[in-house]
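Asks: Using UniProt numbering, read the sequence shown as starting at 1 and increasing by one per residue.
No lab work stands behind these hints, which were simulated from the structure alone.
A virtual CB, placed ideally from N, CA and C, is assigned to each residue, including glycine.
Hints are not guaranteed to be accurate.
To be verified - Ranges of calculated distance between the beta carbons of each label pair, as one might list FRET restraints:
id, residue 1, residue 2, range
1, 76, 177, 46 to 54 Å
2, 180, 292, 23 to 31 Å
3, 355, 182, 51 to 59 Å
4, 375, 550, 47 to 55 Å
5, 296, 519, 34 to 42 Å
6, 722, 460, 35 to 43 Å
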Amino acid sequence: MALELVGGAALGAVVGELLKAILDLGERALNFNPVLKGITSKLSAISPLVKQIDELNDFLDYPKEETQKLRDLMDEGKRLLLQCGDVKLGKLNYLKKPFFTQKLRDLDSALGSFMDVLLLQMARDQKRNLKMMTQMMEIICRHDGRGGSGKPVDLVVPRCLVPELREETVGLEKPVKELKVKLLRNGVQMLVVTAPGGCGKTTLALKFCHDKEVKDIFQEKILFVAVPRKPDLKVILKNIIESLRGIQFPDLQNDERAFCYLELWLKQTSQYPVLIVLDDVWNGSESEYLLDKLFQMPGCKILVTSKFSFPRFSESYYLEPLDHENAIKLFHRSASLEEGNSKFPDEETVEKIIGGCKRLPLALKVIGRSLSRRPTSVWKVTGRNLSRGGSIFDSERELLECLQSSLDVLDDKTVTKESFMDLGSFPEDKRIAASTFVDICRVLYEQDETEALVTLDELSSRSLVSSITTRKYAYDGDYYEDYFFTQHDILRDLGIHLMNMEPIEQRKRLILDINGNDLPKWWLEQEKHPANARLISITTDERFSSSWPDMEAPEVEVLILNFLSKAYNLPGFIKRMNKLKALVITNFGPFLTEMTSEDNQPLNYLSSLERIRFERTSIPFFLGNPNPKPLINLQKISFFMCKFGQTFMNLSTKISDLLPSLLEISINFCSDLNLVPNGLCEIVSLEKLSITNCHGLSSLPQDLGKLINLKKLRLRSCIHLEELPESTTKLRELVHLDISNCLGLAKLPEKIGELQHLEKLDMRRCSSFRELPLSIRNLKKLKLLCDREIAEWLKMGAPRLARQVKVQEEEANLDWLRL
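Whenever a hint applies, use it, and build me the whole structure from the sequences.
Replies: Here it is as structure tokens:
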């Protein structure tokens, strides 16, 4: 080891003394200038290495004898330099100069040889340590739940990826430079960016992460963690470790062990610096414990954004509001004033609005977009209301009141305003599926899919939500399974703030965030009930015991259950919700949740149910139930990242009898779906079947053609699907067929030309295709989306159809995992 060659706690001082001796030569150094430059350069290169060795030797308590070779070399060099200092300019001493020059060259050569050996030994030691640490981590993995089976470790997509900046920022160039100066200097490990909500802390952190200089320093080791108000430290640390390692890590038993593993991994990769961004950290014992532990971690820089300062751990950087010039620029852009899309109001009104927003970016964006294309009179009223005085930073209530003015202009669009209020049903900082939003609007406001998506687009255009898609062309008409959005926590608070202004009994919606088993008093007292609530949302964390008190909610039509635990027991009061039409069950935790219920018949009583969505759960609802009751009104069922097991394989009752009115099935990212049961083909009412991103699926039922009313069939990104059954040509009502990204699919049924109603065929990135059946020429209405190779073939085989071809490349991304 390198430590066998050098050691001792004062090694750095020995090198420092030799450097000092060179400086003490002063003018006399000119006599030996070229060779002294070489010695100085080598000593400067050795110095930081020696410093690291000093620290390791202190820790390992290595004896001084092992450093003697280097010490002798340093002492010899120091004596030589003292002799050189005695050489004075003169005829006689010019005769001595070649002698001392040669001695110095010998010293330079010895230092060079020593440095080469040292670097080689340190490189060897790093690889040896890396191997030892990897073996240790594998032992830990086996000990902590992977077992001793020798199974290969699963690769994972990092959960702490840095989100993209989705729009141009304003006024953050200077803060980014200041952050780099503060955080990147030696000795600074943690920096807290603090400011009130809506000031742009998260946007600043993202811009910092995407800065070229920052990316050059940290390379791929930049992690971005959205920290909830009540953080689960084990989950956060597990995600960080998996993002660093790129492989699945076992469930961590406790916080201390989680920190221990992270420290081991950071030490193992200490030659590569790591940047960890902790976004939106709240004040509290869990958060302080997290910061305290990370503050002690080696080899990483921590950037924290928070409404609170944590002076005990680090320096703080207060993010000031935008200056007047940038505030005007952001407001003009948000209100589309620069594009001439709004009639420009008088300058005094604009100044009142900007002044009322206190140059707060979120307020400027939300209010600006809410006023875009609005009459001048609305601008004047808004300006007058916002200019009443007071500081928006005095309290969060002031900010909420400021943002509330952005909703006032929605009074003539009641559904848009009510939909915004509904979004408080989902936990902060979590992505929300557009499909869920559509289901809510369908039930509560009787909007069809197109109308609901227009409402969502309007909320997005006003910056009341931020949209995300997993593909560049994810939303194509009525397909929105890859379309998600998020809501700023301040805007969520605004919706809940407005909701809480009404008594519980009179609220249209009831939103419950439960930490542990801390239930609201009114619920425990069993005296007051949300009798008039049409929407109820209940969010529980991993500490919830699944022991539900009773609840009477006879008017509820939408029930949203959000949770974080591995096991979840459905509340028994669901069976008395006779008017329930939409049930949304979402696991926001990192693990698949096992669903249970007290009587194993949770849906038997919900005769009014029209829509169900399951996300990241197992699906056990019909198992063990000898007499399941049909869900006679169920029209749509959605599964996202769910586990089916044998749910639909061992039923005593036909699926078609259980779901007689089903119109739509959506199955997305369900990796264990290997086989679609034949019984599904007997649901003749089905109009839409979407099975996407199910990589375990290799075939479809041969009876697929029995779905005589099917209009849309999507099989996007089922990469191991090998063929479409010949009976597909019996789907005479089929309008849209999507087989894009089906890499294993090499041909279409020969008689596909019999699908006379087929208007759209999407087969982009079907790399196994080389040609199409000639019968495709019979499809007069068909518009084909394909890759260039198929387009070239069509020019020869079906020139008329080639004129209806659109060649379009699709860009995939993993944004849905970043949230």
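Asks: Each of the hints needs a verdict: does it hold here or not?
Replies: Against the structure, the hints come out as follows:
Checked against the hint of 46 to 54 Å, the pair residue 76 and residue 177 passes, with Cβ atoms roughly 47 Å apart. Our hint of 23 to 31 Å for residue 180 and residue 292 holds, since their Cβ atoms are close to 25 Å apart. Under the hint 51 to 59 Å, the C-beta atoms of residue 355 and residue 182, about 31 Å apart, miss the expected range. Roughly 51 Å separates the CB atoms of residue 375 and residue 550, a value that falls within the hinted 47 to 55 Å.
Between residue 296 and residue 519, the C-beta spacing of about 37 Å keeps the proposed range 34 to 42 Å intact. For residue 722 and residue 460, the hinted distance range of 35 to 43 Å is satisfied, since their beta carbons lie about 39 Å from each other.
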